[in-house]
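Please arrange chain P on chain C, whose structure you already have, making use of the hints.
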Amino acid sequence: MAGQLREYRRRIRSIQSTKKITRAMELIAASRIVKAKARVAASRPYADEITRVISAVASQTTIRHPLTTERTDPRRAAILVVTSDRGLAGGYNANVLRRTGELLELLRAEGKEPVLYAVGRKAVTYYRFRGRELAGEFIGFSEQPGYDNAKEVADALIARFLDPSGESDRVDEIHVVYTEYVNTLAQRPVAHRILPLVLEATAEPPPGGPLPQYEFEPSAEGVLDALLPRYVESRLHAALLESAASESAARQRAMKSATDNAGELIKTYTRRANAARQDAITQEISEIVGGANALAQVS
Amino acid sequence: MPMRVAIVSPEKEVWSGEADMVVARTTEGELGVLAGHVPLLGVLVEGGQVRVKTGDSTLTVEVDSGFLSVTKQGVSILAEHALLAGTD
Chain C
501 MAGQLREYRR RIRSIQSTKK ITRAMELIAA SRIVKAKARV AASRPYADEI TRVISAVASQ
561 TTIRHPLTTE RTDPRRAAIL VVTSDRGLAG GYNANVLRRT GELLELLRAE GKEPVLYAVG
621 RKAVTYYRFR GRELAGEFIG FSEQPGYDNA KEVADALIAR FLDPSGESDR VDEIHVVYTE
681 YVNTLAQRPV AHRILPLVLE ATAEPPPGGP LPQYEFEPSA EGVLDALLPR YVESRLHAAL
741 LESAASESAA RQRAMKSATD NAGELIKTYT RRANAARQDA ITQEISEIVG GANALAQVS
Chain P
12 MPMRVAIVSP EKEVWSGEAD MVVARTTEGE LGVLAGHVPL LGVLVEGGQV RVKTGDSTLT
72 VEVDSGFLSV TKQGVSILAE HALLAGTD
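Top to bottom, those sequences are chains C and P. Start counting the first sequence at 501; every next residue gets the next number (the numbering used here). Start counting the second sequence at 12; every next residue gets the next number (the numbering used here).
Pulled out of the complex, with its shape left as it was, chain P reads as follows:
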């Protein structure tokens, strides 16, 4: 079941779309989010990576300190700087 994912930095929306799973590292440890996750607000570690999985492909985004916000509507990642590192 896909969910809406948006990765936004203050200067622009870096990426948004549908995805199956988001993997990020918060200050408490690595975390995977699937659709239907409980609402969650997490602080991401500095210089971490966020992986967005859609089907077989994985999008990797370098994120420099930010937040992960999970709601019923989807996942949004707020990062001061976010850079698409590529897909594979």
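Just chain C, same shape as in the assembly:
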């Protein structure tokens, strides 16, 4: 009887320390969401401006650039999968990987050979375990991606897309699968094609006044050559930042429910421990009473 009581107490202690850990992780994740959202907001002026400039250029010159040209007969497509480095984030990684699986199937059905690039340790281990070859791995920055990280990834992808060595290794499309941050409760895994770029030359003036007729220095082509890779980098940076915010939000939610569950368990085990203690006391009393009665009868 007393043994059972000790067992319950031991479990309560262990759950209590688990609860402390999950609670701490929840709080850390919550503060990371705030930071990640601030980063998304801070990156917006640059992204808006570069988008504006690009659409201004697109509306006044006919763009003929390798990065915007659809390949005839695309045969190979690269997919960049954005996951987290660490787990304990609920369904965050599973959702991204499932979305990637759908995209893989779609591309195969279209007769394109998929090539995988992975961001985050989780995608790397997932595909390595399944024996899939990864064309590139980028790890160590999933929670706090900087622009340099986005640039590193973008450079690798653009180089593969423009590979001058010819057909053999070149990819004809680049897709990215990441998690869109809707709000703290909802994050959505999405797949977008980022290359070749689709630039619509709209006739209507966008919000913020009509687009200016630019002069170029050195030339429209020269500006475009420098501008388009930056645009791709900026898009990727945005995707990484959104994913980071989503990761923290998913982790916060997962850790909150873990903390709640631990609280429930502690409650249940406390009840059982109390019942066991009461049982032990009751039994002891009845033993004493029984013993006393037996003695009284003998004498």
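Not one of these hints is a red herring.
Computed cross-link-like contacts, DSS-like style, restricted to lysine-lysine with a CA-CA straight-line distance of at most 27 Å:
1. C:K537 <-> P:K23
2. C:K519 <-> C:K756
3. P:K64 <-> P:K23
4. C:K519 <-> C:K767
5. P:K23 <-> C:K535
6. C:K520 <-> C:K535
7. C:K651 <-> C:K535
8. C:K651 <-> P:K23
9. C:K767 <-> C:K756
Keep in mind that the hints were calculated from the coordinates and are not lab data.
Same frame as chain C, now just chain P:
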């Protein structure tokens, strides 16, 4: 006549405000922009400086490869890395 100037990098807006003149070096050479300049899109040289003049003071910003975009609304400088070097 002052104009709006914004210097933005992907990670944050480095500086924004009103200024009289912006001096930058594009791949074609040094360029000064005053209010009312024609819309212009220029590629900045790598490791260059951008000077923003307001009245008597000059703000110097170290810019690592970027763009200069001049519109009617003002001047924006998009740089991968931008660092305020100081005013004088």
